[in-house]
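Participant: For reference, the chains in residue letters:
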Amino acid sequence: MAKTLFEKIWDRHVVKTIDGGPSVLYIDKHFIHEVTSPQAFKGLEKRGLPVFRPRQIVATADHNVPTVDQHLPIKEELSRIQVQQLLDNCKKNGIELYGLGHPYQGIVHVIGPELGITQPGMTMVCGDSHTSTHGAFGAIAFGIGTSEVEMVMATQCLLQSKPKLMRINVDGKLNKGVVSKDIILYIIAQISASGATGYFVEYAGSAIRDLSMEARMTICNMSIEMGARGGMIAPDETTFAYIKGRQFAPAGIAWDQALAKWKQLYSDKDAHFDKEIHIDAATIEPMITYGTNPGMGMSVSGHIPAENEIDEKEKPSYLKSLAYMGLEAGSAIKGHPVDYVFIGSCTNSRIEDLRMVASFVKGRKKADNVQVWIVPGSKQVEKQAIEEGIDKVFEEAGFHLRQPGCSACLGMNEDKIPAGKYCISTSNRNFEGRQGPNARTLLASPLTAAVAAITGEVADVREYL
Amino acid sequence: MNAKAINKISSTTVPLNIENVDTDQIIPARFLKATSRDGFGENLFRDWRYDSNNQPKKDFVLNDPTYKGKILVAAKNFGCGSSREHAAWAIKDAGFDVVVSSFFADIFKNNSLNNFLLPVTVSEAFLEKVFTAIEKDPSTQITVSLQDQTITLDATGDREQFEINDYKKTCLLNGYDDIDFLLSIRGDIEKFETTLA
Ligand code: SF4
Numbered sequence: 039m040a041k042t043l044f045e046k047i048w049d050r051h052v053v054k055t056i057d058g059g060p061s062v063l064y065i066d067k068h069f070i071h072e073v074t075s076p077q078a079f080k081g082l083e084k085r086g087l088p089v090f091r092p093r094q095i096v097a098t099a100d101h102n103v104p105t106v107d108q109h110l111p112i113k114e115e116l117s118r119i120q121v122q123q124l125l126d127n128c129k130k131n132g133i134e135l136y137g138l139g140h141p142y143q144g145i146v147h148v149i150g151p152e153l154g155i156t157q158p159g160m161t162m163v164c165g166d167s168h169t170s171t172h173g174a175f176g177a178i179a180f181g182i183g184t185s186e187v188e189m190v191m192a193t194q195c196l197l198q199s200k201p202k203l204m205r206i207n208v209d210g211k212l213n214k215g216v217v218s219k220d221i222i223l224y225i226i227a228q229i230s231a232s233g234a235t236g237y238f239v240e241y242a243g244s245a246i247r248d249l250s251m252e253a254r255m256t257i258c259n260m261s262i263e264m265g266a267r268g269g270m271i272a273p274d275e276t277t278f279a280y281i282k283g284r285q286f287a288p289a290g291i292a293w294d295q296a297l298a299k300w301k302q303l304y305s306d307k308d309a310h311f312d313k314e315i316h317i318d319a320a321t322i323e324p325m326i327t328y329g330t331n332p333g334m335g336m337s338v339s340g341h342i343p344a345e346n347e348i349d350e351k352e353k354p355s356y357l358k359s360l361a362y363m364g365l366e367a368g369s370a371i372k373g374h375p376v377d378y379v380f381i382g383s384c385t386n387s388r389i390e391d392l393r394m395v396a397s398f399v400k401g402r403k404k405a406d407n408v409q410v411w412i413v414p415g416s417k418q419v420e421k422q423a424i425e426e427g428i429d430k431v432f433e434e435a436g437f438h439l440r441q442p443g444c445s446a447c448l449g450m451n452e453d454k455i456p457a458g459k460y461c462i463s464t465s466n467r468n469f470e471g472r473q474g475p476n477a478r479t480l481l482a483s484p485l486t487a488a489v490a491a492i493t494g495e496v497a498d499v500r501e502y503l
Numbered sequence: 003m004n005a006k007a008i009n010k011i012s013s014t015t016v017p018l019n020i021e022n023v024d025t026d027q028i029i030p031a032r033f034l035k036a037t038s039r040d041g042f043g044e045n046l047f048r049d050w051r052y053d054s055n056n057q058p059k060k061d062f063v064l065n066d067p068t069y070k071g072k073i074l075v076a077a078k079n080f081g082c083g084s085s086r087e088h089a090a091w092a093i094k095d096a097g098f099d100v101v102v103s104s105f106f107a108d109i110f111k112n113n114s115l116n117n118f119l120l121p122v123t124v125s126e127a128f129l130e131k132v133f134t135a136i137e138k139d140p141s142t143q144i145t146v147s148l149q150d151q152t153i154t155l156d157a158t159g160d161r162e163q164f165e166i167n168d169y170k171k172t173c174l175l176n177g178y179d180d181i182d183f184l185l186s187i188r189g190d191i192e193k194f195e196t197t198l199a
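Going down the list, the protein sequences come from chains A and B. Just add 38 to the spot in the first sequence (first one is 1) and you have the working numbering. Just add 2 to the spot in the second sequence (first one is 1) and you have the working numbering.
Any given hint might turn out to be false.
[To be verified] Calculated cross-link-like contacts (lysine-lysine; reagent style DSBU-like; alpha-carbon spacing at most 35 Å):
no., chain 1, residue 1, chain 2, residue 2
1, B, K193, A, K282
2, B, K78, A, K41
3, A, K41, B, K193
4, A, K459, A, K400
5, B, K60, A, K54
6, B, K193, A, K202
7, B, K72, A, K80
8, A, K299, A, K41
9, A, K214, A, K282
10, A, K113, B, K94
11, A, K41, A, K80
To be clear, the hints were calculated from the coordinates, so they are not data collected in a lab.
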């Protein structure tokens with residue numbers, strides 16, 4: 039029978055299925071971090087259980103870590119305790135930890151792929167909703183809650199119901215100035231912040247095939263922002279070339295064997311999807327969000343929907359959102375001043391993102407009214423940026439290259455956007471207060487963020503290329 | 003009966019008629035620094051509930067003594083965003099046993115079920131009926147029966163069935179959790195591992 043990519047991996051990992059209930063799904067790799075794991079370790083301890091397969095877990099400290107002076111003890115007490123607890127828990131249970139100071143430390147969804155831990159055909163979970171990032175390699179990867187973290191620690195399994203399947207096909211060529219972040223912001227704006235709830239999404243089509251691995255990760259990363267359980271892309275030569283030679287990638291005979299298996303991972307020709315969407319890449323423009331969920335996006339040169347374009351029932355939420363953002367229905371967003379530019383997060387903090395920004399800002403200076411924070415996704419990204427001289431380009435432009443972590447993506451450490459300020463951010467969520475109480479977030483691509491850093495306002499990057 | 007088990011809940015409600023309530027609203031990230039599961043109720047909807055001087059905002063429903071109860075009635079796409087289970091802990095800790103909505107985000111739904119907080123998905127029409135009833139009479143009482151999979155507006159008898167899979171229902175009715183079940187099949191899991199090359 040014809041199978042989808044998802045089904046091939048899912049079926050291979052089902053231990054058993056409960057009558058009238060979910061399946062027991064075996065998990066190959068489990069990532070953990072300091073924020074959603076302490077209660078899980080405590081739960082295990084309370085039950086008197088050991089960690090079942092510690093070698094299938096990889097830990098890092100990212101959500102809560104400072105992005106300056108990482109060699110010093112963490113100042114904020116609660117954060118320090120949380121990071122320390124991760125250290126203790128990993129040590130006690132024999133779990134590999136890439137904590138502060140480790141050359142592999144970084145945002146969990148950046149380090150998995152760059153270390154070659156993330157591989158096609160795997161099932162992967164993490165107590166973080168953007169685990170969907172790893173799906174770019176043709177893996178089933180999704181975010182879980184802390185009780186589920188505990189389950190995986192205890193048994194390496196989860197109880198899961200099979201989701202519905204959706205395929206989103208993006209075909210054709212992207213326009214100049216349009217990058218993968220624009221593709222995913224466009225898709226979410228089209229189908230809404232809940233448009234894929236209950237589904238697992240496969241991205242396909244020539245425009246997706248043409249993307250680099252890092253660009254594919256940006257797309258899969260934001261699958262959760264339309265409610266999807268996860269997103270995935272069938273592995274191909276681009277995928278294999280990216281993985282080959284990385285730290286934890288198979289090598290020698292193991293590589294050949296793995297490759298033979300990975301090449302089987304695609305949706306069969308007649309495979310069934312519950313829903314299918316087609317998008318013409320050429321219609322996508324540089325995107326930006328204007329509201330307080332990622333579905334409220336538009337072309338940077340467009341207009342915020344007028345009140346009469348909004349469904350009567352959705353009006354209260356819509357107006358509440360615009361009031362929070364201090365933006366007017368029906369107005370243009372181009373030319374709106376910005377106060378902060380944040381380039382970072384597991385969506386856009388990899389080396390290609392930094393290169394993209396650097397190549398745009400080289401020889402230019404930041405506007406006086408903006409503060410620019412650049413937070414690399416990992417120590418390895420940071421190192422590479424320095425080796426390539428990207429840090430110098432940033433310095434000359436007046437940008438600040440910080441140290442790796444989640445940073446202003448969720449404003450858990452001290453990197454918060456002040457109340458009322460506008461921040462163009464390459465992260466994935468523009469929820470109220472996400473980047474700090476009353477902070478106003480405009481989500482965009484690294485290129486659109488870079489042009490805002492130079493002009494001090496929302497601008498259309500196409501006019502500057 | 004296990005202390006965690008839930009079955010029939012009859013209660014007045016707290017209405018929250020806002021769509022797309024995300025987990026950053028339910029519990030902002032800066033309150034996720036705790037290493038235990040307790041005490042999150044205090045910061046439930048923190049930034050909607052308190053102003054920047056930590057004074058309760060009068061117009062927010064949780065600060066309105068008219069509305070109380072064990073049932074939170076929410077609008078479409080409740081619990082979207084982050085996977086933080088702290089959201090479910092905060093709602094449960096604040097005294098709720100049930101959340102009613104026409105649409106829940108997936109991870110939030112799982113997290114709720116794992117914490118014996120029952121997410122009840124109703125039709126848009128029924129949800130509207132509930133909101134209207136509460137608006138008319140804040141002391142409106144609702145009964146949720148997990149056994150029968152029904153939600154009823156007590157005053158009018160308006161009723162709707164809701165879905166829940168048999169396995170989860172048994173867990174909730176008996177106070178079992180998934181780990182108990184998974185541990186019981188550890189033998190199967192170990193056998194399965196040998197088939198993974
Ligand atoms: S960068 Fe943001 S979205 Fe990514 S893992 Fe960290 S907090 Fe989550």
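Participant: All the hints need checking, so say for each whether the structure fits it.
Facilitator: Okay, the hints, checked on the actual structure:
Restraint check for K193/B and K282/A: satisfied, since their Cα atoms lie roughly 31 Å apart, inside the 35 Å limit. The straight-line distance between the Cα atoms of K78/B and K41/A is roughly 33 Å, inside the 35 Å bound, and the hint therefore holds. Our distance criterion of 35 Å between C-alpha atoms is met by K41/A and K193/B, whose separation comes to about 25 Å. Simply put, K459/A and K400/A have alpha-carbon atoms about 26 Å apart, close enough for the 35 Å limit, and the pair holds.
A C-alpha spacing of about 52 Å is found between K60/B and K54/A, which places the hinted pair above 35 Å, so the restraint is violated. Of the pairs offered as hints, the one joining K193/B and K202/A holds, with about 29 Å between alpha carbons and a cut-off of 35 Å not exceeded. Between K72/B and K80/A the CA atoms are separated by roughly 28 Å; this keeps the pair inside 35 Å, and the hint holds. Distance restraint check for K299/A and K41/A: the Cα-Cα separation of roughly 15 Å lies within the 35 Å cut-off, and the hinted pair is therefore satisfied.
At most 35 Å may separate the alpha-carbon atoms for a hinted pair to count; K214/A and K282/A meet this at roughly 30 Å. For a cut-off of 35 Å, the pair hint linking K113/A to K94/B stands: about 32 Å separates their Cα positions. For the given pair, K41/A sits about 40 Å from K80/A by alpha-carbon distance, which is inconsistent with the 35 Å threshold.
Of the numbered hints given earlier, the model fails hints 5 and 11; all others are met.
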